[in-house]
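Construct the complete structure from the given sequences, taking the supplied hints into account.
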Amino acid sequence: MKRHLMKGSKVVFLALYLIFMVFPLYWIVITSLKPQKEIFSFPLKYWPSELTFENYINIIKISKFHVYIANSLLISLSAALIVCCIAVLSAYVLARYKFRSHRQVMLGFFLTQMLPGFVALAPLYLLMSRLDLINTRYSLILMYTVGLIPFSTILLKGFFERIPSSLEEAAMIDGCSRLSALIRVIMPVMMNGIAATFIFAFVQNWNELFMAVLFIDNESLKTLPVAMNSFVMKFDVDWGAMSAGTVLSVIPTIALFAIAQRFIVEGLTQGAVKG
Amino acid sequence: MKDDHPSIIGRFQAGFRNSPRGFIFFSLLPTLILVLAFTYYPFLRGIVMAFQNYQLFDLTNVRFIGLDNFKNIFNDPKFKHAAVNSAYWVFISLILQFTIGLTVALMLSKRFRGRGIFQGFVFYSWALSGFLIGLIWKWMFNSQIGVINDLLLRTGIIQERIGFLSDPNWAMTSVIIANVWYGIAFFAIMLLAALQSVPSELYEAGSMDGASGARKLFNITMPYIMPTVITTTLLRAIWIFNDPSIIYGLTNGGPAGSTHILSSLMLDKIMYGGDYGAASAIGIVMIGILLLYTIFYLSVTRSAKMGDF
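Sequence lines, in order, name chains D and Y.
Take the first sequence: its letters are residues 0 to 274, numbered as in numbering that gives the first Met the number 0.
Take the second sequence: its letters are residues 0 to 308, numbered as in numbering that gives the first Met the number 0.
It cannot be assumed that every hint is accurate.
Taking lysine to aspartate or glutamate pairs in the EDC-like style, the calculated list, with each CA pair at most 20 Å apart, reads [stated by the list, open to error]: (1) D:Lys63 - D:Glu49; (2) D:Lys233 - D:Asp216; (3) Y:Lys77 - Y:Asp67; (4) D:Lys60 - D:Asp173; (5) D:Lys44 - Y:Asp149; (6) D:Lys36 - Y:Asp149.
Which bits of chain D does chain Y cover? Going by a derived footprint, with three or more residues having C-beta under 8 Å, they are [stated by the list, open to error]: (7) 36 to 48; (8) 57 to 67; (9) 102 to 111; (10) 148 to 161; (11) 213 to 219; (12) 225 to 231; (13) 245 to 255.
One-sided excerpt, in silico: chain D residues whose CB lies under 7 Å from chain Y [what the hints assert, rightly or not]: (14) Lys6; (15) Lys9; (16) Tyr96; (17) Ala121; (18) Trp238.
Worth flagging that the hints you see were computed from the coordinates, not collected in a lab.
For every residue, glycine included, the Cβ atom is placed at its ideal position computed from N, Cα and C.
Written as structure tokens, this is what we have:
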């Protein structure tokens with residue numbers, strides 16, 4: 000009897016939690032598929048009388064939405080790729096060697112994750128203008144890369160530590176250099192970890208708003224979050240277009256996260272669980 | 000011949016192979032240069048700015064003004080309000096995210112059919128940006144055509160629409176609800192991973208000694224996952240404290256500054272006021288609070304238990 004009660008309350012709790020988590024997404028998707036007049040009419044409809052893509056067509060008409068998507072893709076992909084290349088090297092070294100400043104380097108990485116990053120925001124703007132990078136995609140590619148190096152290194156370090164070092168030692172005895180042992184022997188084994196890091200970095204870049212708002216105001220260079228931000232100011236009441244824009248912005252990240260979630264969790268929890 | 004006069008590249012490669020020092024140095028070089036130049040330099044520059052009159056729209060008049068920025072922000076009622084809000088925002092969000100996250104993790108720790116799909120549906124909030132989450136909840140909280148008012152009216156819980164975002168008495172609660180929604184997944188995922196690492200022998204031993212479910216939870220499970228609990232709550236508190244994006248998307252600090260926390264107030268000074276000096280001063284106060292908090296938290300929970308995450 001007690002057992003049934005326990006099981007029953009568990010099912011109820013999980014069901015409520017599921018509704019709580021899914022409903023906001025459901026609501027924004029449904030809003031984006033409603034005909035304009037139904038969005039603002041009473042009583043609210045929880046399922047539209049007809050599903051329409053008019054909001055999506057509308058948002059592409061009133062703004063350069065395809066341009067923003069292309070910019071976001073280009074910037075997020077490039078930065079994620081560069082981050083992976085750089086972080087693989089530093090993570091490998093930090094995982095395999097104990098050198099004199101090892102502790103300090105790790106501490107330096109952890110600190111970047113804890114300090115309020117916005118302290119650097121204003122000086123970064125000045126630095127970018129001095130480097131003549133304001134209103135260029137390079138500014139964002141550069142800053143997204145830098146911003147993610149510490150975290151990606153920590154993440155990848157966890158993956159490297161799970162691979163026995165006998166693997167590359169054997170390759171080096173066979174005459175491989177350290178670098179080619181890393182590239183030819185180790186990297187293929189940890190493709191999961193690298194993919195997870197890449198996807199994590201991509202999602203972060205795709206979502207970043209504040210630097211992008213500060214560095215970019217040229218219409219043809221805007222990323223999706225910047226565009227959504229100007230949308231809020233311009234069309235605050237046009238929730239049809241806004242919801243369509245939101246849905247377009249979140250689809251890629253949700254899809255990617257669904258694929259990579261397991262690996263990312265593995266990497267993240269490695270250290271924490273080990274205690 | 001080749002051995003007598005190795006090429007420069009060959010010598011370089013040989014050096015690489017024989018001494019890990021060179022390899023370590025060159026592998027870390029790009030990372031160190033980038034992080035120092037574009038993270039630590041601007042950060043330190045920001046700290047200096049706190050002691051300067053630094054207005055974006057008055058750049059000819061940049062000069063050191065001692066502690067004036069700090070005096071100004073401490074005399075600003077908005078700042079005090081934001082500081083109190085920050086405490087409230089972190090504390091309530093953290094407690095709710097943690098308790099709900101732990102409950103979910105405990106319920107998911109035993110395998111059942113459909114668990115993987117269930118996780119996919121409840122953990123996706125991780126992939127969204129705080130700004131967009133703010134927008135989604137802004138739409139749902141809308142006082143005229145928002146779905147939350149509609150649901151509460153339909154079920155008879157309220158008789159009149161609530162201005163969730165326009166009523167200063169409600170606005171803070173509303174942004175916290177959105178933040179809790181965002182962060183449960185983090186705790187659930189981390190704690191679930193920790194729970195699955197508890198060796199089953201411990202539970203078997205507990206059962207043999209006749210321990211009840213609740214006793215097993217407090218005497219076996221909790222002590223075992225304690226390092227994860229301490230690390231995740233510490234880190235999460237810092238992130239919640241630092242991240243203004245949900246508030247930015249949801250209320251942008253409004254109505255009348257009533258939902259500003261320290262980080263959103265600082266952002267506001269940078270993005271709209273161009274007052275970099277004052278923004279940096281707020282940033283320094285935040286660093287001070289974070290330092291005190293971390294020291295306090297670690298000494299209370301005894302850092303020895305902390306995982307090396």
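With a cut-off of 7 Å, does the beta carbon of D:Lys9 approach a beta carbon of chain Y closely enough for the hint to hold?
-> 5 Å, holds
Hey, D:Lys63 versus D:Glu49, does the alpha-carbon distance stay inside 20 Å?
-> Between D:Lys63 and D:Glu49 the Cα gap is close to 27 Å, so the pair fails against 20 Å, i.e. violated.
Can we keep the D:Lys6 interface hint, with Cβ of chain Y closer than 7 Å?
-> 10 Å, violated
Is the Cα-Cα distance between D:Lys233 and D:Asp216 20 Å or less?
-> 14 Å, holds
Do three or more residues from the segment 148 to 161 of chain D put their C-beta atoms closer than 8 Å to C-beta atoms of chain Y?
-> holds (count 3)
Are three or more residues of the segment 102 to 111 of chain D within 8 Å, CB to CB, of chain Y?
-> Contact hint for the segment 102 to 111 of chain D vs chain Y: holds, 4 residues under 8 Å.
Quick one, are D:Lys44 and Y:Asp149 close enough, alpha carbons at most 20 Å?
-> 10 Å, holds
So, D:Tyr96 near chain Y? Judge it on the closest CB pair being under 7 Å.
-> 6 Å, holds
Per the coverage rule (Cβ-Cβ under 8 Å, at least three residues), is the segment 57 to 67 of chain D covered by chain Y?
-> Per the Cβ count (0), the hint is violated.
Can the segment 245 to 255 of chain D be counted as covered by chain Y under the rule of three residues or more with Cβ-Cβ separation shorter than 8 Å?
-> holds (count 6)
Can the restraint linking Y:Lys77 and Y:Asp67 be considered satisfied, given a maximum Cα separation of 20 Å?
-> 17 Å, holds
Would you check the hint for D:Lys60 and D:Asp173, treating anything up to 20 Å between C-alpha atoms as holding?
-> Not satisfied, since the Cα-Cα distance of roughly 61 Å exceeds 20 Å.
Hint check: violations occur at hints 1, 4, 8, 11 and 14; the rest are consistent with the structure.
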